[in-house]
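The sequence shown begins at 335 in this note's numbering and counts up one residue at a time.
For the record, the hints were derived by calculation from the structure and aren't laboratory data. It should be emphasised that the depicted structure is a prediction, and the values quoted were computed from it without experimental measurement. Ideal Cβ positions, reconstructed from N, Cα and C, are used throughout, including at glycine. There could be a bad hint or two in this list.
[As the list claims (entries may be wrong)] Below, computed lysine to any residue pairings styled on SDA-like, alpha-carbon distance capped at 20 Å:
(1) Lys-361 / Arg-398
(2) Lys-416 / Leu-399
(3) Lys-361 / Leu-399
(4) Lys-361 / Val-345
(5) Lys-361 / Arg-397
(6) Lys-361 / Ala-346
(7) Lys-416 / Gln-427
(8) Lys-361 / Glu-406
(9) Lys-361 / Leu-395
(10) Lys-416 / Phe-404
(11) Lys-361 / Gly-421
(12) Lys-361 / Lys-416
(13) Lys-361 / His-401
(14) Lys-361 / Gly-385
(15) Lys-361 / Phe-404
(16) Lys-361 / Gln-396
(17) Lys-361 / Asp-341
(18) Lys-361 / Ala-347
(19) Lys-416 / Glu-406
(20) Lys-361 / Leu-342
(21) Lys-361 / Glu-422
(22) Lys-416 / Ala-426
(23) Lys-361 / Gly-381
(24) Lys-361 / Thr-405
(25) Lys-361 / Arg-392
(26) Lys-361 / Asp-340
(27) Lys-361 / Leu-387
(28) Lys-361 / Gln-393
[As the list claims (entries may be wrong)] Have a look at the derived ranges for each label pair, beta carbon to beta carbon:
(29) Cys-390 / Asp-350: 46 to 56 Å
(30) Gly-385 / Asp-341: 23 to 33 Å
(31) Glu-406 / Ala-352: 53 to 63 Å
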Amino acid sequence: MLERPDDLTVVAATDDDAQVQLWAQIKGHATPLELLTVTEADAQLHGMSRGALAECWRQVLQRRLRHARFTEQVGQISLRLKITLIGELVLAQGIGGCSGCCGCCSSLFWLSWW
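Model the full assembly from the supplied sequences, consistent with the hints where possible.
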């Protein structure tokens, strides 16, 4: 099961060769995950220092990775499934009209309480 989104932190670290690397640290996991290395070419392309570029990327990656973890939580997946099912029932009812023969109206009612 996924932990809370805030359990993930992206950190910047400079290695022995003065390379700036970004790592993902997840609470409860001993080994951080290497995400990327900011090269001098990257910094020149963006017109900033490696440290400044690493900080920009760190913030973006942390925000997006936390959001990805949030959307993969059971409650969020369940919510997306409910929305999809309700949408399909509404579309089916709108396309074919509802004569009450298939139970789609009662299904829509019960899904709204799910």
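Going down the list of hints, with the structure as the test:
1. Lys-361 / Arg-398: holds (17 Å)
2. Lys-416 / Leu-399: The given pair, whose Cα atoms are some 24 Å apart, is violated under the 20 Å limit.
3. Lys-361 / Leu-399: holds (14 Å)
4. Lys-361 / Val-345: holds (13 Å)
5. Lys-361 / Arg-397: Holds, at about 16 Å.
6. Lys-361 / Ala-346: With Cα atoms ~16 Å apart, Lys-361 and Ala-346 stay inside 20 Å; holds.
7. Lys-416 / Gln-427: It holds: about 16 Å lies between the C-alpha atoms, which stays within 20 Å.
8. Lys-361 / Glu-406: holds (17 Å)
9. Lys-361 / Leu-395: Holds, because 17 Å separates the two Cα atoms, which is no more than 20 Å.
10. Lys-416 / Phe-404: Holds, at roughly 17 Å.
11. Lys-361 / Gly-421: violated (37 Å)
12. Lys-361 / Lys-416: violated (31 Å)
13. Lys-361 / His-401: holds (16 Å)
14. Lys-361 / Gly-385: violated (25 Å)
15. Lys-361 / Phe-404: holds (15 Å)
16. Lys-361 / Gln-396: Distance of about 14 Å is within 20 Å: holds.
17. Lys-361 / Asp-341: holds (5 Å)
18. Lys-361 / Ala-347: The given pair, whose Cα atoms are some 18 Å apart, holds under the 20 Å limit.
19. Lys-416 / Glu-406: Holds: Lys-416 and Glu-406 sit about 15 Å apart, inside 20 Å.
20. Lys-361 / Leu-342: Holds. Lys-361 to Leu-342 sits at ~6 Å (cutoff 20 Å).
21. Lys-361 / Glu-422: Distance of about 39 Å is beyond 20 Å: violated.
22. Lys-416 / Ala-426: Roughly 15 Å separates the two Cα atoms, so the pair holds.
23. Lys-361 / Gly-381: violated (34 Å)
24. Lys-361 / Thr-405: holds (18 Å)
25. Lys-361 / Arg-392: Roughly 17 Å separates the two Cα atoms, so the pair holds.
26. Lys-361 / Asp-340: Distance ~9 Å between Lys-361 and Asp-340 Cα, so the pair holds.
27. Lys-361 / Leu-387: Measuring from Cα to Cα gives roughly 25 Å; hence the hint is violated.
28. Lys-361 / Gln-393: The hint holds at about 18 Å.
29. Cys-390 / Asp-350: 46 to 56 Å: Cβ of Cys-390 to Cβ of Asp-350: about 24 Å, so the range 46 to 56 Å is violated.
30. Gly-385 / Asp-341: 23 to 33 Å: Holds, at about 26 Å.
31. Glu-406 / Ala-352: 53 to 63 Å: violated (36 Å)
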